[in-house]
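There are 2 protein chains.
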Amino acid sequence: MKTSNKKTKILITGAGLCGSLLGLRLAQKGFHVDILEKRPDMRKAVVDGGRSINLALSDRGLSGLKLVGLEEKVRDLCIPMNGRLIHDVEGNTFASNYSGREGEYINSISREELNKLLLDEAEKYENVHIDFDDAVTAVDLKNASVTYHDAITDTKKEWKADILLGTDGAGSVVRKEMMKQRDFLFSHSMNWLPHGYKELSIPPTEDGKWRIEKNFLHIWPRGGFMLIALPNLDGSFTLTLFMQYDGDGPAFNNIKSDQEIKDFFNAYFKDVVKHIPDLVEQYHTNPAPPLGTVRCSPWTSYGKSSLIGDSAHAIVPFYGQGMNASFEDVVVFDEMLNQNETWADAFTAFSTKRKPDADAIANLALDNFVEMRDSVANPNFQLKRQIEMRLESAFTKAKYQSKYSLVTFPEEGVSYEHAMLKGRAQDKAILWLLENKMITVDDELDSLLNKIKEKTEDVLWLRE
Amino acid sequence: MKTSNKKTKILITGAGLCGSLLGLRLAQKGFHVDILEKRPDMRKAVVDGGRSINLALSDRGLSGLKLVGLEEKVRDLCIPMNGRLIHDVEGNTFASNYSGREGEYINSISREELNKLLLDEAEKYENVHIDFDDAVTAVDLKNASVTYHDAITDTKKEWKADILLGTDGAGSVVRKEMMKQRDFLFSHSMNWLPHGYKELSIPPTEDGKWRIEKNFLHIWPRGGFMLIALPNLDGSFTLTLFMQYDGDGPAFNNIKSDQEIKDFFNAYFKDVVKHIPDLVEQYHTNPAPPLGTVRCSPWTSYGKSSLIGDSAHAIVPFYGQGMNASFEDVVVFDEMLNQNETWADAFTAFSTKRKPDADAIANLALDNFVEMRDSVANPNFQLKRQIEMRLESAFTKAKYQSKYSLVTFPEEGVSYEHAMLKGRAQDKAILWLLENKMITVDDELDSLLNKIKEKTEDVLWLRE
Numbered sequence: 275m276k277t278s279n280k281k282t283k284i285l286i287t288g289a290g291l292c293g294s295l296l297g298l299r300l301a302q303k304g305f306h307v308d309i310l311e312k313r314p315d316m317r318k319a320v321v322d323g324g325r326s327i328n329l330a331l332s333d334r335g336l337s338g339l340k341l342v343g344l345e346e347k348v349r350d351l352c353i354p355m356n357g358r359l360i361h362d363v364e365g366n367t368f369a370s371n372y373s374g375r376e377g378e379y380i381n382s383i384s385r386e387e388l389n390k391l392l393l394d395e396a397e398k399y400e401n402v403h404i405d406f407d408d409a410v411t412a413v414d415l416k417n418a419s420v421t422y423h424d425a426i427t428d429t430k431k432e433w434k435a436d437i438l439l440g441t442d443g444a445g446s447v448v449r450k451e452m453m454k455q456r457d458f459l460f461s462h463s464m465n466w467l468p469h470g471y472k473e474l475s476i477p478p479t480e481d482g483k484w485r486i487e488k489n490f491l492h493i494w495p496r497g498g499f500m501l502i503a504l505p506n507l508d509g510s511f512t513l514t515l516f517m518q519y520d521g522d523g524p525a526f527n528n529i530k531s532d533q534e535i536k537d538f539f540n541a542y543f544k545d546v547v548k549h550i551p552d553l554v555e556q557y558h559t560n561p562a563p564p565l566g567t568v569r570c571s572p573w574t575s576y577g578k579s580s581l582i583g584d585s586a587h588a589i590v591p592f593y594g595q596g597m598n599a600s601f602e603d604v605v606v607f608d609e610m611l612n613q614n615e616t617w618a619d620a621f622t623a624f625s626t627k628r629k630p631d632a633d634a635i636a637n638l639a640l641d642n643f644v645e646m647r648d649s650v651a652n653p654n655f656q657l658k659r660q661i662e663m664r665l666e667s668a669f670t671k672a673k674y675q676s677k678y679s680l681v682t683f684p685e686e687g688v689s690y691e692h693a694m695l696k697g698r699a700q701d702k703a704i705l706w707l708l709e710n711k712m713i714t715v716d717d718e719l720d721s722l723l724n725k726i727k728e729k730t731e732d733v734l735w736l737r738e
Numbered sequence: 275m276k277t278s279n280k281k282t283k284i285l286i287t288g289a290g291l292c293g294s295l296l297g298l299r300l301a302q303k304g305f306h307v308d309i310l311e312k313r314p315d316m317r318k319a320v321v322d323g324g325r326s327i328n329l330a331l332s333d334r335g336l337s338g339l340k341l342v343g344l345e346e347k348v349r350d351l352c353i354p355m356n357g358r359l360i361h362d363v364e365g366n367t368f369a370s371n372y373s374g375r376e377g378e379y380i381n382s383i384s385r386e387e388l389n390k391l392l393l394d395e396a397e398k399y400e401n402v403h404i405d406f407d408d409a410v411t412a413v414d415l416k417n418a419s420v421t422y423h424d425a426i427t428d429t430k431k432e433w434k435a436d437i438l439l440g441t442d443g444a445g446s447v448v449r450k451e452m453m454k455q456r457d458f459l460f461s462h463s464m465n466w467l468p469h470g471y472k473e474l475s476i477p478p479t480e481d482g483k484w485r486i487e488k489n490f491l492h493i494w495p496r497g498g499f500m501l502i503a504l505p506n507l508d509g510s511f512t513l514t515l516f517m518q519y520d521g522d523g524p525a526f527n528n529i530k531s532d533q534e535i536k537d538f539f540n541a542y543f544k545d546v547v548k549h550i551p552d553l554v555e556q557y558h559t560n561p562a563p564p565l566g567t568v569r570c571s572p573w574t575s576y577g578k579s580s581l582i583g584d585s586a587h588a589i590v591p592f593y594g595q596g597m598n599a600s601f602e603d604v605v606v607f608d609e610m611l612n613q614n615e616t617w618a619d620a621f622t623a624f625s626t627k628r629k630p631d632a633d634a635i636a637n638l639a640l641d642n643f644v645e646m647r648d649s650v651a652n653p654n655f656q657l658k659r660q661i662e663m664r665l666e667s668a669f670t671k672a673k674y675q676s677k678y679s680l681v682t683f684p685e686e687g688v689s690y691e692h693a694m695l696k697g698r699a700q701d702k703a704i705l706w707l708l709e710n711k712m713i714t715v716d717d718e719l720d721s722l723l724n725k726i727k728e729k730t731e732d733v734l735w736l737r738e
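Those protein sequences? They're chains D and C, same order as listed. Each residue of the first sequence is one higher than the one before, starting from 275 at the first, in this note's numbering. Each residue of the second sequence is one higher than the one before, starting from 275 at the first, in this note's numbering.
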């Protein structure tokens, strides 16, 4: 199948964030695109029980929105978060900016509002057709055709395309079909954390304002567990409690009665309790689903299909990069389509180029859970952060970026894999230099930078 | 279920190397053990097409055989291999010993002969019953019961036990049942190499002798692919060709015709060709199965079952540790049974203790493929090896062991995980010291040892 043939029939399974952005981009390139989505149209029905779920949108995600010309429109949905606001057990707060540079922040955005915008924009193109209430039940990878259940008519239907793009998320039916086949060696893994997550909500004030500081990602780090909060445009905050299911210390399976819930929140999050009158009810009502990491390879089969986004690489949320990674996938996939004559080659190039980056952000996200929930960290971690803020304030991005900044505010072409390798080595280098008293926070900046760069090279060599 | 209750009905699925050793050990402890094995009894029928497959038995495996009192009997089946004998393209050979110490060698042993011995020894116990030709098809983990197909009577049967031990190998039915359940979060992965393996055979001489040097593991390293050979007691050698299926350079899918096979072997392995008159026929006849790594966690479910051996952690063969790891599992499992009052606690303790070691040897085995097949390695690797041989010759094990030695000839209590962390750090430390000209091969031994120990500590800190 030639990538230049605009008559190619493309089927996308899943009209979530990744599928709708991908559909929009392919429509802009002149392809005919059909999208099957198992859920009802979220613009007409309340889909997720009405809870307001938000995500952190940053530069990699914005590059995908820029590609389709939506960066400015999306900015209207965003609330900038300049850093973390850490809440200790006594209710004291400490701000920690994401970057030492001006204008580098992440954005809180409603998953639903962003998805609706992408659906609206995609449907402006005549060559895009989205069918809701259609759940794919089986996939024929060799023929790029699917069987699906139409919930409206309660009938089983089939769809034959030329090209099949699976943007059907962490539980991908397309990926499961790849696991079953025997023609090629499909590697895959599913790894669960012992922690689940429960979403809660702080309501807005009566005049629609925010009850806690608006422009931060709030964290209540408590060692084995933590609470975070991201602001919504309506003045509310979405809280997420990350906690183990079982074991010593607080755990979902030990905190079940009204009294246990009250005691737990009063003990660990007392500055939040007062903002949530229906806390106990919310706790009972909202589920506590698990957190998993999906890895697989290759992402493509028979030259006719590819996984894109969470279906290929679902990750835990602790780096705020799940959606960003999926949108960056669309940017990379678009490049691969431009650079390759056939879809088969574009798929292989995409899978080969992008897989190391998907693995890197999966690992970084797992690491970051420990960093986020640790309240009593090594004092050298604090000094490291101060040094990095000084360096970022004084030097250009090309001269210095922290790991967080390499991941979140990358210069063009800086991959997740590079960010991971360089960022981890830098972290180790600075901690080693502090530990061995070879630098201090107040050292002259050029000297600091040189020592860190030199040690980082050494660490990269020793860690590879 | 109390571990002290000897009336506990134990069902083991799989009478391979791990299942038969485990059954024997549990019988020695006084338990009633039933074993279901899907294949025919290898003592009565030819099971694997008559090919002689051998394995490398070393200290960790021997510890399992010692536990059941079979170490001496097994020695009679062994051919010691003192090191690698490297064959270059011109047919020149270079010996590289496994250790700088006397008496540290690995053993070539026939999988089939060892398995037969273990079956015979197990069946000497009245409280062991082994049923062959019985393939487990479904497992009820909650009730420790299985459904199986009896090939002799072609009927479906059920077996209810108190405790279920899955020693059913890389394709474990018990593990697949754990993947299906929804009561607990079962993490799992299946990772394939792009390489497969094909076994070939060098026949003995007419008077039953070995055609190439007997007491070595032979390697023909060729970069992207390699051939190895292990000796058998009858004078033959089992060769294994490891090669990618597809891609640039030699690949199974590019070497198919008689002429292609001859050309390939004449180009890369000409010193072997003369020993195998029916090479082309063997190449056509023998399959080229893939090489995979299985990881999962936890290994136990509902306090009634556990995976043990390959079913929990199948690894690639490049460290010669697959069987050794499974036998060491039996030693650790035996300890856990002694230390815990209930089977549930013993299972949890076993899974928790042993999982990091299983992951470590899986990773080491993957690394070693690269080391084994690289013919033109960094010259510093050769210098490193010389330094390590000097250190091992001069000092006790407690003072210095190479990574290979930590894995293969460990002191008591040295786990695979420790061997991996320490061994990798040592390798990096020596290479770094050589690269930075801070040591030479001929340095005074105490000075060498101290520099390496100091740098190793530093690398451990930087790599963690």
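Since the hints were made in silico from the structure, they are not lab data. None of these values were measured; they are calculated from a predicted model. A hint or two may mislead.
The list treats identical chains as interchangeable, and a pair is accepted whether it falls inside one copy or across any two copies.
List time: in silico SDA-like cross-link candidates among lysine to any residue, alpha-carbon distance up to 20 Å [to be verified]:
{"no.": "1", "residue 1": "Lys725", "residue 2": "Ser419"}
{"no.": "2", "residue 1": "Lys627", "residue 2": "Cys352"}
{"no.": "3", "residue 1": "Lys430", "residue 2": "Glu615"}
{"no.": "4", "residue 1": "Lys472", "residue 2": "Asp457"}
{"no.": "5", "residue 1": "Lys627", "residue 2": "Leu467"}
{"no.": "6", "residue 1": "Lys629", "residue 2": "Pro468"}
{"no.": "7", "residue 1": "Lys454", "residue 2": "Met464"}
{"no.": "8", "residue 1": "Lys454", "residue 2": "Leu467"}
{"no.": "9", "residue 1": "Lys578", "residue 2": "Glu451"}
{"no.": "10", "residue 1": "Lys627", "residue 2": "Asp520"}
{"no.": "11", "residue 1": "Lys548", "residue 2": "Phe458"}
{"no.": "12", "residue 1": "Lys283", "residue 2": "Arg485"}
Subject >> Hints the structure fails to honour >> reply: 1, 2, 3, 11, 12
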